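Student: Sequence:
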Amino acid sequence: MNAIEKVAKQFPNTIFMHANGYKTAKNVGVYDIRTYEGSYLQGVLAGYKTKSNVWVL
Numbered sequence: 007m008n009a010i011e012k013v014a015k016q017f018p019n020t021i022f023m024h025a026n027g028y029k030t031a032k033n034v035g036v037y038d039i040r041t042y043e044g045s046y047l048q049g050v051l052a053g054y055k056t057k058s059n060v061w062v063l
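63 is the number that the numbering used here gives the last residue of the sequence shown; the numbers go up by one with no jumps.
Treat the hints as calculated values from the structure; they're not laboratory data.
Do not take every clue at face value.
[What the hints assert, rightly or not] The list that follows gives simulated cross-link-like pairs (lysine to any residue, SDA-like), each with its CA atoms no further than 25 Å apart:
hint	residue 1	residue 2
1	K55	V34
2	K32	N19
3	K55	S45
4	K12	A31
5	K57	R40
6	K12	N33
7	K57	Y46
8	K15	V36
9	K29	Y46
10	K12	Y37
11	K32	Y46
[Unchecked claim] Just the calculated beta-carbon pair ranges, DEER-fashion:
hint	residue 1	residue 2	range
12	A9	E43	25 to 33 Å
13	N26	V60	30 to 38 Å
14	S58	K32	23 to 31 Å
15	S58	P18	42 to 50 Å
16	N26	A52	22 to 30 Å
17	T41	K15	28 to 36 Å
18	F17	G53	44 to 52 Å
19	K12	K57	21 to 29 Å
Since the structure is predicted, the reported quantities are computational estimates derived from the model, not experimental observations.
In this text, a Cβ means the ideal position worked out from N, Cα and C, and glycines have one as well.
Put together the whole structure using the sequences plus the hints.
Tutor: Shown next, in the form of structure tokens:
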């Protein structure tokens, strides 16, 4: 977050966005990403690759 704050001060006419950030300013915004969707798919793929047929621990 510190890097964005520094650069945002140098370029006040540019808007910066930070994923999963927590600080905002006049030209800095934050947004959340849906990381759980990718995690779900990774779990499904791992389940298909199992040799023990155990999908959930």
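Student: Please go over all the hints and tell whether each is borne out by the structure.
Tutor: Here is what the structure says about each hint:
| no. | hint | verdict |
| --- | --- | --- |
| 1 | K55 to V34 | 43 Å, violated |
| 2 | K32 to N19 | 10 Å, holds |
| 3 | K55 to S45 | 15 Å, holds |
| 4 | K12 to A31 | 11 Å, holds |
| 5 | K57 to R40 | 30 Å, violated |
| 6 | K12 to N33 | 12 Å, holds |
| 7 | K57 to Y46 | 19 Å, holds |
| 8 | K15 to V36 | 16 Å, holds |
| 9 | K29 to Y46 | 29 Å, violated |
| 10 | K12 to Y37 | 19 Å, holds |
| 11 | K32 to Y46 | 36 Å, violated |
| 12 | A9 to E43: 25 to 33 Å | 27 Å, holds |
| 13 | N26 to V60: 30 to 38 Å | 32 Å, holds |
| 14 | S58 to K32: 23 to 31 Å | 55 Å, violated |
| 15 | S58 to P18: 42 to 50 Å | 57 Å, violated |
| 16 | N26 to A52: 22 to 30 Å | 24 Å, holds |
| 17 | T41 to K15: 28 to 36 Å | 29 Å, holds |
| 18 | F17 to G53: 44 to 52 Å | 46 Å, holds |
| 19 | K12 to K57: 21 to 29 Å | 50 Å, violated |
Against the hints set out earlier in the document, violations occur for numbers 1, 5, 9, 11, 14, 15 and 19.
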